[in-house]
Amino acid sequence: MLDLYGEQIASRLLLGTAQYPSPAVLAEAVKASGTGIVTVSLRRETAGGKSGDGFWSLIQSLGVRVLPNTAGCHTVKEAVLTAHMARDLFRTDWIKLEVIGNHDSLQPDVFALVEAARILTQDGFKVFPYTTDDLVVAERLLEAGCEVLMPWCAPIGSAMGPVNPYALRSLRGHFPAVPLIVDAGIGRPSHACSVMELGFDAVLLNTAVAKAGDPVEMAAAFAEAVNAGHRGYRAQMLEPRDFAVPSTPVIGKAVFS
Amino acid sequence: MPILVKGAGVAGLTVAHELWSRGHDVAVFDPVGDHRHAASWYAGGMLAPYCERESAEQAVVDLGAGAADWWDSALPGLVRRNGTLVVAPARDTGELRRFAGRTTGFEPLDHAKIAALEPDLAENFRSGLFFSQEAHLDPRSALMQLRTKLAAAGVEFHAAAPDVAAYDRTVDCTGMAARLSGLRGVRGEMLLLRTAELSLARPVRLIHPRFPLYIVPRDDNMFMVGATMIESEQSGPIRARSLMELLNAAYALHPAFGEAELVETGVGIRPAYADNLPRVSRDGATIHINGLYRHGFLLAPAMAVRAAGLIENEEEP
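Residue numbers (our numbering), protein chains in the order written: chain A, 13 to 269; chain B, 331 to 647.
Derived, one-sided and incomplete: chain B residues facing chain A with beta-carbon distance under 8 Å:
# : residue
1 : A386
2 : R432
3 : R514
4 : E561
5 : E563
6 : A604
7 : D605
No wet-lab data here; the hints were simulated from the structure. No residue lacks a Cβ here, since even glycine has one placed at the ideal position from N, Cα and C.
Next up, chain A with everything else stripped away, as it sits in the complex (with noise of 0.2 Å):
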């Protein structure tokens, strides 16, 4: 099972909320893709609605965790206050930390990252934090008190998969007691099933199964990769070689032909 700050979560697939055709699409699709957390972004989705407003009972009625998420914030200041607001609306301390630092690659700031995360983590809050795959930004994180990590492993929505292998392995290798969830880049089932391979605890999708021609088989698609990736790296996989190993025997054959 996957531990999340002391809570047992069965799938290991975690699915946002947003581009989905209809919310009768994105509930089928939650059901499809057997996740146990669903992301929902504060600012771009509700708008500073109040609960009891139309989206948000559709996402209460889905009946899973609710990983609210500061997506679109800029600044320490606008991250902060943003989560207080999750806080209130979703009633839970769990918060999805993303600070932009550059508009088009929407990669995270995460000099002001680990800022917020350390506010926000004596606030009270549990933080997710969406980083990137530095290993030092990790460190950084992990003393600001955050107890899961969220690395990219291509940027949000490009669909490029994991560009960089090592740094996702190196975070393995150095963090081997901390939850590591995949967070942005994945476009394809295979992808996911490939971090997941590497050791990755979860994986975090949105466009991935929301722009999908059917989001729906998608979801089942992803929830199948992320499982084979997962089991295939608790069997411990064999590593490459260079030459050819016989799968039978060849000395002791009966007969040689």
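Given the coordinates of chain A, assemble chain B onto it according to the supplied hints.
Leaving out everything else, chain B in the frame of chain A:
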């Protein structure tokens, strides 16, 4: 059999016209008496079923196929059948391919063909898609002309609540105000720009990663730019970020929009069901038309025909 239509947005006026044209005795109850309270006042007025298929179900294409003909016959001269042009900045051509993969009824355009259709856009765009069977209309003219035509034909418009008992059937077209279960509001923000520095013959869609962005030409050098899609029922003024994104898109389409006058910003709350498809439903003597979402002018005619059929045949739709 007198019928009362509640609401004078696109759903209400369309069904009132459909019933009147079939010879029914119709009255309209419009408590607000001001079009600006209807979500449809802020619509783009695109009759673009093929483009909508990019993010909508096939039902939107099927139900919207006859919309241009319905409007043409109700209000001759209003519909412009010039098609829709879809363009993307050079860096988003992958998104244009995705759009093409999810839609039908278009012809891919190269630079020369874009120049032939919209000369003012030729400098900035080198590839696009042309949906020749689509059309558009000015939604504000449509609402006002329908009302004028119906009033002239003797359809009464009541500002105060009439005695419902005097009517055999009520058609409720009050959108969010109907407070139907399962209905939610989706906020949309738009703006109107005026410039004489460029002209467009047809709606142009600019591929945008977050919401379908379009610019619709209207009379008197006006251009409607829309529309955001925010899961919220708050109706307050346009947000700065939305204004910035809409203006930025207009500017990306043509730099002349940088010098345009910002004539108006508007916000409407679109009524929508969870599947974003409209419904005609019956509750005793009341028929509901609701959930037109972002497809008011495209789907209201089909819903009006369905509601009229329901009243005449008293069968489930």
